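For chain A, the structure is supplied; the task is to place chain B with the ligand on it using the hints.
Listed below, chain by chain, are the residues.
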Amino acid sequence: MSEPTMRSPLHSFGLSEQAKPIDGSCGVWANELRHLGYISLRGNGADPAFATAASTAIGVSLPLRPCTFASSNGKTILWLSPDEWMIVCPRAQLSALLGSLRQALTDVRSQVVDNSGGYTQVIIEGRNALDVLQHVSVYDFASMEPGRVVGTTFGKSSVYAFRQGNGYRLVLRRSFADYIWRYLVRAAIPYGLGIADLAGSPLPEEGVPI
Amino acid sequence: MFVLFCPHCGEKREEEEFGYGGEAFIPRPATPEALDDEAWGDYLFMRKNPKGWHWEMWSHNTGCRKFFVVKRNTATNAIAGSWTLAEGRKAYDAEGGST
Ligand SMILES: [Zn+2]
Chain A
18 MSEPTMRSPL HSFGLSEQAK PIDGSCGVWA NELRHLGYIS LRGNGADPAF
68 ATAASTAIGV SLPLRPCTFA SSNGKTILWL SPDEWMIVCP RAQLSALLGS
118 LRQALTDVRS QVVDNSGGYT QVIIEGRNAL DVLQHVSVYD FASMEPGRVV
168 GTTFGKSSVY AFRQGNGYRL VLRRSFADYI WRYLVRAAIP YGLGIADLAG
218 SPLPEEGVPI
Chain B
752 MFVLFCPHCG EKREEEEFGY GGEAFIPRPA TPEALDDEAW GDYLFMRKNP
802 KGWHWEMWSH NTGCRKFFVV KRNTATNAIA GSWTLAEGRK AYDAEGGST
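Those protein sequence lines, which keep their order, are chains A and B.
In the working numbering, each number is its position in the first sequence, counted from 1, plus 17.
In the working numbering, each number is its position in the second sequence, counted from 1, plus 751.
Isolated chain A, as found in the complex (with noise of 0.2 angstroms):
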């Protein structure tokens, strides 16, 4: 048996590979933001007893107001329900964070899973990046407000979608990740796409054991 290896879902387009400076020659700049953490984390948001434990071992204060994100030191919370959020954090750093939360939740009723495996990420910036999720949603992102987070339709698919910095995240199963990057490159065709480093910061190499 050899060792589990990380591999991206998208590792069969060569994203990395084709990252080249961002410019004016595109209306869309694109790429994935691989390997990162993902903790699905739920509990009862009304009571303090949780909302406290697990904004103090995450480091940062659970949202609770739906629809919602919080972000800060590299550590992003998703509001994805009434009972449920999404941590998403860098790889490094997962270990550490599902261990404190599972020790603050101990005497809290409250779910930790690991779902690193489950998702990834695209990140989707420039002049026409909302005209290509008008397009492929039927969520009227020209309206959304910063700070916002919405689970959405993404073709025949679903994503959770959120703005961030210049541009929008957006978090999609694994399983669907191959359909949602095609998808996305052939609405981006009137528009022009280019692939860049939008990471800001080296993310984990492919192939290397989980």
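Bear in mind the hints are in silico, worked out from the structure with no lab data behind them.
There are no misleading hints in this set.
Between beta-carbon pairs, the in silico distance windows are:
1. A:159 - B:827: 23 to 33 angstroms
2. B:812 - A:226: 32 to 42 angstroms
3. B:770 - A:19: 36 to 46 angstroms
4. B:798 - A:196: 33 to 43 angstroms
5. A:135 - B:798: 32 to 42 angstroms
6. B:770 - A:123: 30 to 40 angstroms
7. A:226 - B:842: 50 to 60 angstroms
8. A:223 - B:794: 50 to 60 angstroms
9. A:157 - B:791: 37 to 47 angstroms
10. B:766 - A:192: 16 to 26 angstroms
Quantities reported herein were computed from a predicted structural model and do not represent experimental measurements.
Every residue gets a Cβ at the ideal spot worked out from N, C-alpha and C, and that includes glycine.
Using the frame of chain A, we list chain B with the ligand on its own:
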């Protein structure tokens, strides 16, 4: 196509984000083993199916993935409101539990 308000997300969203959950507040028989086939069949298969106001469930499939209650007019698609299951139950009972 219409727009539904999700009481959990606190937003109006397109119908495409939701899945239909059928008639709301169908009581499960307390003693299923005591029912004859006709009564059990009624519970499983028979619905009010009105032309007009209908209390029904929807689930926010692409969003919070929670069920909630909608009062919709099946003839016109007019929507009287949407509630969480608990709040919807109160509104439904206040109407006398009718369609
Ligand atoms: Zn919802």
